[in-house]
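Novice: Make the full structure from the sequences, and use the hints.
Chains A and B supply the protein sequences, listed in that same order. Here this note's numbering is used: the first residue of the first sequence is 1, the next is one more, and so on. Here this note's numbering is used: the first residue of the second sequence is 1, the next is one more, and so on.
Simulated from the structure, these hints should not be mistaken for lab results. Keep in mind that this is a model prediction, so the values were computed, not measured. All C-beta atoms, glycine included, are put in the ideal place defined by N, C-alpha and C. Just to be clear, a hint being listed does not mean it is correct.
[To be verified] Derived lysine-lysine pairs resembling PhoX-like cross-links, with alpha carbons at most 25 Å apart:
| no. | chain 1 | residue 1 | chain 2 | residue 2 |
| --- | --- | --- | --- | --- |
| 1 | A | Lys48 | B | Lys440 |
| 2 | B | Lys234 | A | Lys78 |
| 3 | B | Lys422 | B | Lys388 |
| 4 | A | Lys78 | B | Lys229 |
| 5 | B | Lys47 | B | Lys165 |
| 6 | B | Lys547 | A | Lys78 |
[As the list claims (entries may be wrong)] Estimated spans, in silico, between C-beta atoms of each pair:
| no. | chain 1 | residue 1 | chain 2 | residue 2 | range |
| --- | --- | --- | --- | --- | --- |
| 7 | A | Leu14 | B | Lys30 | 35 to 41 Å |
| 8 | A | Arg70 | B | Phe331 | 52 to 58 Å |
| 9 | A | Thr62 | B | Ser97 | 37 to 43 Å |
| 10 | B | Asp33 | A | Leu14 | 48 to 54 Å |
| 11 | A | Ser31 | B | Thr2 | 55 to 61 Å |
[To be verified] Per the computed footprint, the stretches of chain A lying under chain B, defined by three or more beta-carbons under 8 Å from a beta-carbon of chain B, are:
| no. | stretch |
| --- | --- |
| 12 | 55 to 61 |
| 13 | 64 to 75 |
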Amino acid sequence: MKRHKITITSAFFLIIILLSIVQAIVSNRLSTSGIVLGKIEEETRYYKTENAALAEGIFLETSLNNIASRAAVLGFVKEKSPLVLTTSDVVAVRQ
Amino acid sequence: MTWRFRFTFLILAVAFAAIISRLFYWQVIKRDDLSAMALSQYSGVRKILPQRGEIKTSDNFPLASNKISYLMFANPKVIKDQKKVTDTLSLYLKNNSASISALLALDRFWVKIASGIDPKTKDAISNLGLDGIGFEQQFNRFYPEASLSAHVLGFVGKDEEGVDKGYFGLEGYYDRLLKGKEEYEIEIQDALGRPILSKMSKRSKRVEGSNLKLSIDRSIQFLVEARLKKGIEKYGATSGMVGVMNPQNGHILAMSSFPSFSAGGYQDYEEELYKNPFISNTFEPGSTLKPLVMSSALDASVVDPNTRCNICAEPIKIGGYVLHTWNDKYFKDTNMIDVIRRSDNTGMVFVAQKLGVDRMISYLTKFGIGQLTEIDLQGEVAPSLKPKEEWYSVDLATAGFGQGISLTPIELLSGFSSIANKGKRMKPLVVTMVEIPDGKMIKIEPKVISRPISEKTAKVMTEILVNAVNKGEAQWTKLKGYRIAGKTGTASIPVAGHYDPEKTIASFIGFAPADDPKFVMLVILDKPTTSIYASETSAPIFFDIAKDLLSYYGIPPSE
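Specialist: Written out as structure tokens, the structure is:
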């Protein structure tokens with residue numbers, strides 16, 4: 001009876017110790033994952049900012065205002081009378 | 001012995017009850033307060049602003065986008081060397097050092113130093129590692145095409161609480177969709193303020209702003225603006241505007257007015273310029289209204305193209321007024337085709353009288369005159385038509401040639417487009433698609449809002465208008481080889497109870513190609529000075545733009 005009681009008490013304490021170790025490990029992991037997540041977030045933010053800055057540059061370069069002013073500097077002028085190609089009748093019909 | 005036992009038990013029971021009640025007080029009654037206190041010690045609340053939605057043209061190019069900028073703030077209580085910080089910041093921000101110094105002298109934990117700081121400047125200042133200086137990321141509106149279609153876009157300003165808010169145009173009309181919803185995020189931190197668990201909980205979910213895809217064609221908008229600016233200068237007008245619409249679905253392809261403003265720097269312009277005159281200004285249209293009145297009369301079968309006008313041989317006297325033609329030339333027994341070709345006011349008085357007040361009001365209403373077109377832009381107005389009892393005989397007569405009746409350019413464009421679309425009037429649309437944050441696209445379908453005239457009447461009226469272009473006053477400027485339907489309008493401007501004899505509103509409205517219209521366009525010049533006539537001012541602008549559009553659409557000449 002006494003031996004049985006000792007076994008139960010030992011098992012009880014063992015479970016407590018095991019659970020404490022598990023909690024310590026999990027807490028340790030959680031506490032460091034926050035910092036890792038923070039770094040990842042920081043990196044994501046950096047790339048988002050870079051991306052936005054690059055997109056801004058692309059939009060400015062490809063805007064019609066920019067293209068038109070550069071075309072004018074390069075000497076491109078608008079064709080005043082557009083060339084229209086009209087199809088002539090085929091020989092068999094023309095006669 | 002028993003009483004001692006009982007006494008001790010009582011003391012212990014009272015003490016136990018006291019502890020329990022105290023615990024109940026802190027853990028149940030004061031739970032929320034304590035939780036909030038604890039939260040403030042081990043966490044920080046971050047406000048994450050949503051990105052405002054983009055506004056894109058039909059080719060998916062953003063007319064309004066966002067760029068990242070930073071708000072710089074300071075905690076004056078932790079800044080030790082205020083002079084050094086002031087000098088450094090004023091150097092980087094190119095700001096007056098006195099204003100920065102005054103801000104840093106405040107007895108506060110948080111003061112805003114500057115906003116709209118670009119990422120490069122922010123990085124340069126951050127690298128200096130100044131104590132008590134921090135940054136908050138924010139998004140600023142950015143317009144890659146600068147002032148292109150500023151009146152259509154509107155602008156983003158601040159409301160009374162300093163929060164971004166859209167005003168006028170699309171920014172105003174679709175503000176709720178564009179702005180999205182901000183998010184508050186709680187971050188758990190360790191004793192040194194480092195994040196332990198990021199995004200521990202969210203007090204509200206962020207919703208990014210929706211993107212808008214427009215019917216506005218960037219190329220057409222660009223060339224319309226260039227042609228309009230040039231035209232205003234060439235003809236010495238005080239202002240001008242152009243609207244281009246696809247009559248088959250009501251899509252607005254371009255809408256431009258000058259003088260205009262820059263949406264990015266709206267603060268530098270007078271408030272008067274914020275309004276889009278194409279939807280907010282009213283004018284007496286003059287002869288550009290004649291096609292609507294004539295097609296009403298044709299549709300009601302009170303006249304046909306060959307009907308002879310028996311009152312057109314001389315000026316017409318009505319209710320004490322004498323009504324003249326624009327050039328004081330009169331043509332006895334002229335037919336309806338020539339009435340439109342010559343823009344004959346007496347002929348239109350004849351038509352209006354044949355139509356009568358009831359039918360005039362009914363048809364104009366079906367053409368959308370006197371009502372909002374419900375275009376999806378903020379700031380549209382529409383003066384109502386007079387009630388029937390207030391129409392005198394002279395009002396009916398002058399309405400026939402577009403005087404004494406006020407409307408907005410968009411009302412006229414919308415009404416006229418039904419002639420180009422087999423008698424069906426479409427709801428004018430600027431936004432064709434809404435892209436919600438999860439990537440889903442919601443298409444906005446074209447809608448028929450009325451059928452003022454039959455398809456047959458529309459066809460007859462189109463031929464009359466083609467004839468007006470080919471043989472009318474503006475024939476010198478027409479495009480050779482193309483069938484274009486159109487009408488000039490030289491409207492007098494009412495001033496203090498009479499019409500100004502020297503100033504006019506010159507307009508031209510038309511569509512092309514006449515047999516399968518790709519666009520309907522209205523050009524308006526306010527008070528041109530080189531000539532008061534539309535045939536010499538707004539008509540050449542119309543045909544200049546039409547030439548570019550036909551070339552853009554790859555439509556070859558048909559004649």
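Novice: Evaluate each hint against the coordinates.
Specialist: Hints, one by one, checked against the model:
For the given pair, lysine 48 (chain A) sits about 22 Å from lysine 440 (chain B) by alpha-carbon distance, which is consistent with the 25 Å threshold. Under the criterion of a C-alpha separation no larger than 25 Å, the hint pairing lysine 234 (chain B) with lysine 78 (chain A) is consistent with the structure, at around 18 Å. At most 25 Å may separate the alpha-carbon atoms for a hinted pair to count; lysine 422 (chain B) and lysine 388 (chain B) exceed this at roughly 29 Å. Taken as a hint, the lysine 78 (chain A) and lysine 229 (chain B) pair is honoured in the structure, with Cα atoms around 16 Å apart against an allowance of 25 Å.
Taking the CA atoms of lysine 47 (chain B) and lysine 165 (chain B), the gap is about 18 Å. The hint holds against a cut of 25 Å. Simply put, lysine 547 (chain B) and lysine 78 (chain A) have alpha-carbon atoms about 12 Å apart, close enough for the 25 Å limit, and the pair holds. Leucine 14 (chain A) and lysine 30 (chain B) have their C-beta atoms about 39 Å apart, which keeps the hinted 35 to 41 Å range intact. A hinted range of 52 to 58 Å for the beta carbons of arginine 70 (chain A) and phenylalanine 331 (chain B) is consistent with their spacing of about 54 Å.
Distance hint check: the CB atoms of threonine 62 (chain A) and serine 97 (chain B) are about 40 Å apart, consistent with the given range 37 to 43 Å. Taking 48 to 54 Å as the suggested C-beta distance range, the pair aspartate 33 (chain B) and leucine 14 (chain A) does not conform, at roughly 41 Å. Range check, serine 31 (chain A) to threonine 2 (chain B): Cβ separation about 57 Å, and the 55 to 61 Å hint holds. Given as covered by chain B, the stretch 55 to 61 of chain A passes the check, having 4 residues with a CB less than 8 Å from a CB of that chain where 3 are the minimum.
Proximity of the stretch 64 to 75 of chain A to chain B, defined as three or more residues with a beta carbon under 8 Å from a beta carbon of that chain, is established by the 3 residues found.
The earlier numbered hints that this structure contradicts are 3 and 10.
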